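Top to bottom, those sequences are chains L and P. Start counting the first sequence at 1; every next residue gets the next number (this note's numbering). Start counting the second sequence at 1; every next residue gets the next number (this note's numbering).
Misleading hints may appear alongside valid ones.
Claimed, not checked - Some chain L residues near chain P, calculated using beta-carbon distances under 10 Å:
hint	residue
1	38
2	54
3	87
4	90
5	121
Unchecked claim - From the structure, some residues in chain P lie toward chain L, with a derived Cβ separation under 7 Å:
hint	residue
6	61
7	65
8	82
9	84
10	88
11	96
12	102
13	107
14	108
15	109
16	113
Since the hints were derived computationally from the structure, they do not count as laboratory data. Owing to the predicted nature of the structure, the values given are computational and were not obtained by experimental measurement. Quick reminder that beta carbons are idealized off the backbone N, C-alpha and C, glycines included.
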Amino acid sequence: MKDSNSRKQGAASPCAACKLLRRRCAEDCVFAPYFPAEEPHKFASVHKVFGASNVNKMLQDLPEHQREDAVSSLVYEANARVRDPVYGCVGAISSLQQQIDALQTQLALAQAEAVHMRMRHYSSSAECASPSTRGRRSHNHHPKSSESFWH
Amino acid sequence: MASSSSYNPPCAACKFLRRKCIPGCVFSPYFPPEEPQKFANVHKIFGASNVAKLLNELLPHQRDDAVNSLAYEAEARVRDPVYGCIGAITFLQRQVDRLQKELDAANADLIRFACNDVPLQAAQPRPPQEAAGVRNVGFGGGGGGRLYQTGGVQISYDVPWNDIYNSHGGGMDGNN
Numbered sequence: 001m002k003d004s005n006s007r008k009q010g011a012a013s014p015c016a017a018c019k020l021l022r023r024r025c026a027e028d029c030v031f032a033p034y035f036p037a038e039e040p041h042k043f044a045s046v047h048k049v050f051g052a053s054n055v056n057k058m059l060q061d062l063p064e065h066q067r068e069d070a071v072s073s074l075v076y077e078a079n080a081r082v083r084d085p086v087y088g089c090v091g092a093i094s095s096l097q098q099q100i101d102a103l104q105t106q107l108a109l110a111q112a113e114a115v116h117m118r119m120r121h122y123s124s125s126a127e128c129a130s131p132s133t134r135g136r137r138s139h140n141h142h143p144k145s146s147e148s149f150w151h
Numbered sequence: 001m002a003s004s005s006s007y008n009p010p011c012a013a014c015k016f017l018r019r020k021c022i023p024g025c026v027f028s029p030y031f032p033p034e035e036p037q038k039f040a041n042v043h044k045i046f047g048a049s050n051v052a053k054l055l056n057e058l059l060p061h062q063r064d065d066a067v068n069s070l071a072y073e074a075e076a077r078v079r080d081p082v083y084g085c086i087g088a089i090t091f092l093q094r095q096v097d098r099l100q101k102e103l104d105a106a107n108a109d110l111i112r113f114a115c116n117d118v119p120l121q122a123a124q125p126r127p128p129q130e131a132a133g134v135r136n137v138g139f140g141g142g143g144g145g146r147l148y149q150t151g152g153v154q155i156s157y158d159v160p161w162n163d164i165y166n167s168h169g170g171g172m173d174g175n176n
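Just chain L, same shape as in the assembly (with noise of 0.2 Å):
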């Protein structure tokens, strides 16, 4: 039974990797779990760049429930290194630097501008509130021709 049932999976399609490596595809594979046969280009990427004993070692080296992630970052990363053979991933990490210093130039700029606008606030609006102790009406607030409204 063990054997049919075995015979039977192994009848069931090899995964993504042991297609492409052309061999048989064992029942305890390492790659099956996170190689699926119907997305073949996801390990051809990552055999190009790490190679698939590398990628076989690292993955032996982390417990199971780890595994997943490690394979969908080692993806991403060969991906990225397919799309841009000089620089890789390393190019997005350059580029979300670059953003994080834009932003955080911008983001110096708006709140400086917002200090300055509260500042003229408040100041414009102590002048409109404080009382004329002369009685006249203060609202030019052009100091040198205060003359005009004390006659």
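Following the hints, put chain P in place on chain L, whose structure we already have.
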């Protein structure tokens, strides 16, 4: 005098691989003998033949940058075997999102003050009103985008393990 010819020590790659470092060795310009760890990491993660293939497919002026980025990725992967340098990308992406939100809030404040300046020029100051258009004004396009165009570099990617990353609390320093 043949013996006076300069002796070139083997590059870090050939030293590691225990082979003769021939003139024209593809690794020697980029893996000097005084940086053995650089090649050790790259060899462990990518493998010597993959690196040689990659370098041979590039133009000579591109190889230095390629080796440096491979070395960076390899070191990150050695330190964090699960996420490698994707941990750094996730961390930086979060910073970008946070800064974008702060910038949007600061810009919204500016609009509020700008709108309130108009009634202040009239006789009586009115209490500050919420500008109706604030939420509709798009500053920076929000933080949801995953497509960046910076200096001609267009990068589009999904980070499907964000939730997993949050729950594991991984970080740039590659704590396992």
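Taking the hints in turn, this is what the structure says about them:
| no. | hint | in the structure |
| --- | --- | --- |
| 1 | 38 | 17 Å, violated |
| 2 | 54 | 5 Å, holds |
| 3 | 87 | 5 Å, holds |
| 4 | 90 | 4 Å, holds |
| 5 | 121 | 6 Å, holds |
| 6 | 61 | 10 Å, violated |
| 7 | 65 | 5 Å, holds |
| 8 | 82 | 5 Å, holds |
| 9 | 84 | 5 Å, holds |
| 10 | 88 | 6 Å, holds |
| 11 | 96 | 5 Å, holds |
| 12 | 102 | 6 Å, holds |
| 13 | 107 | 6 Å, holds |
| 14 | 108 | 10 Å, violated |
| 15 | 109 | 5 Å, holds |
| 16 | 113 | 4 Å, holds |
When held up to the earlier numbered hints, the structure conflicts with 1, 6 and 14 and fits the remainder.
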